[in-house]
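Undergrad: The residues making up each chain are set out below.
Protein chains: 2
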Amino acid sequence: MAVYTDVSDEEMMAFIAEYDIGELVSAKGIAEGVENSNYLIGTTKDHFILTLYEKRVREEDLPFFLGLMDHLAARGIPCPEPVHAKDGRALRQLAGRPAAVISFLEGLWPKKIRPVHCAELGRALAQFHAAGADFAIQRKNSLGPKDWRPLYETAAERAHEVDESLALLVESELDALERAWPHDLPTGVIHADLFPDNVFFIGDKLSGLIDFYFACNDYMAYDLAVCLNAWCFERDRSFNTTKARQLLAAYGAERKLSRDELNALPILCRGAALRFLLTRLYDWLNCPPGALVKPKDPMEYVAYLQFHRRVSGPGDYGLE
Amino acid sequence: MAVYTDVSDEEMMAFIAEYDIGELVSAKGIAEGVENSNYLIGTTKDHFILTLYEKRVREEDLPFFLGLMDHLAARGIPCPEPVHAKDGRALRQLAGRPAAVISFLEGLWPKKIRPVHCAELGRALAQFHAAGADFAIQRKNSLGPKDWRPLYETAAERAHEVDESLALLVESELDALERAWPHDLPTGVIHADLFPDNVFFIGDKLSGLIDFYFACNDYMAYDLAVCLNAWCFERDRSFNTTKARQLLAAYGAERKLSRDELNALPILCRGAALRFLLTRLYDWLNCPPGALVKPKDPMEYVAYLQFHRRVSGPGDYGLE
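Chains A and B, in that order, give the protein sequences. The numbering of the first sequence is the working numbering, which starts it at 1393 and goes up by one. The numbering of the second sequence is the working numbering, which starts it at 1393 and goes up by one.
Among the clues, some could well be false.
[To be verified] Here are the simulated lysine-lysine pairs, DSS-like style, with alpha carbons at most 25 Å apart:
1) B/K1447 with A/K1686
2) B/K1447 with A/K1503
3) A/K1437 with B/K1503
4) A/K1688 with A/K1538
5) A/K1504 with A/K1686
6) A/K1597 with B/K1437
These aren't lab readings, by the way, just hints derived from the structure by calculation.
Make the full structure from the sequences, and use the hints.
TA: Structure (structure tokens):
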């Protein structure tokens, strides 16, 4: 929930006048996204999202993010499309911040996940990976396996405030993952944060993927691991094999997973669980008391991690 | 900034299906309004605001608020119009809360007030007062002069935390206003909260009045006093006579102010200043530490109050 940068009407109208999208007639700060300020703007022609990039997004990464959306949209992936201003540029400046206008995508993100959502997600994720194959710009995963230990170290001393045994779990997991992390799985452009609130549906049909601000080059199967965690656990933290099977089967129908990728799934899922556990732990410990936005519970990801430590192989994810 | 009630897609889609406004295709929580949860929704036909009324709005007042918007819209006042569902009702239930769908109003609220805005405001306010004259439902002002002392008493003990001399000022002002408050000025339906963020413009033209959730029956000139405070002081807390003159003249061109009303302006302005001083004081003292939404500074209204205590007559508001 975020509108961090306040923009005067004069500034916003002058900014919009530099695009060929009609005149500004409305602007509402929207309560979605935690990294950036987002306005839903109406013009005499259409609706758009105006994003001001706040400090958590590195400015040098913006050409990758906006270029990727351009690239994907041109290949038919349903995603927001950056609007280029009259000067040809998509990345511009507003109120002293980098800013972009992107197309407005219809759809609602699913609050209650059903297996049909997971099947739609799997297909779209594979299509996204295929479309990204010839994208020219590269971006390193800034929250990959090498980043987990330094991230943990910023929180280690206070991990016990969340749970007494958390430090022990994370440390043994860091050791294990550093030893067992796979070395040569197929790589590509991955979304890396494809949670339900980043996937829109109209009825049962997927209508859009949004929020590419963690996208990077990494193992494509790691993207699946992020999704298995984000989409296939129930509220009671039990794993729903039906959802996982739908996700993996629909993905596999578009891009066949290799034996190595399948075998690596349990370790990739542990890594993905640890990555979100660590960022949630960091946010939990660094949240100002009384803040309106309650940080997400890191212990949820402890439960997921423990599930993946117990699986005996990819079959436990519903695969035959 | 507020989305307090989370609504699942299934609930929202089922809710929208009970209206004749097309199918739901998007919904964004919007970061405006502090009393209610607001979603900007898109359907296959148009855009609308979906409001869920939170606890600060009394449910028994909703027929007044929604009926007033119906009444005003029918008389050509540019304001949100409640959409009636297929069952004829505008006030319905969603996620366990009273809820209404209202039309989406184009326009931007002015962050930098110019005299032309004040002229537009004055004309629209007078037209609003005229249109409200035959509205059948009545609602008492729940923040009128009789409510100020009890409200102050909930904060009195801690007033010194804001400013050492605040208690003395408020107490002398309560005494003075109770003695001097006028008794028989022309009454009508007033907005009672017509701050710049409740008035939309497209270019220099007023395009809409919103947020009728403080509307009530009271002195019409008191509404002007609220606006003089909210629109005519500069950021350095100095009073801008040009803006006040524009506001009052444009209002007077539509509805002539009586000599009694003009003479009462200084005392009405003091009352209006005290009313917002007191609610801000209450919010300031009751804001959780570290909350994301910073409460508004009560001392701003102390400055306004002190200005009005010093004026010698209505001429100080730019009137000839």
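Undergrad: Against each hint, give a clear statement of whether it holds in the structure.
TA: Hints versus structure:
1. Note on B/K1447 and A/K1686: the hinted pairing holds, with a Cα-Cα distance of about 20 Å set against a maximum of 25 Å.
2. As the CA atoms of B/K1447 and A/K1503 are separated by approximately 24 Å, the hinted pair is consistent with the 25 Å bound.
3. For a cut-off of 25 Å, the pair hint linking A/K1437 to B/K1503 stands: about 24 Å separates their Cα positions.
4. Pair hint A/K1688 plus A/K1538 holds up; C-alpha atoms about 23 Å apart against a cutoff of 25 Å.
5. Pair hint A/K1504 plus A/K1686 holds up; C-alpha atoms about 20 Å apart against a cutoff of 25 Å.
6. Distance hint between A/K1597 and B/K1437 is fulfilled; the C-alpha atoms sit about 19 Å from each other, no more than 25 Å.
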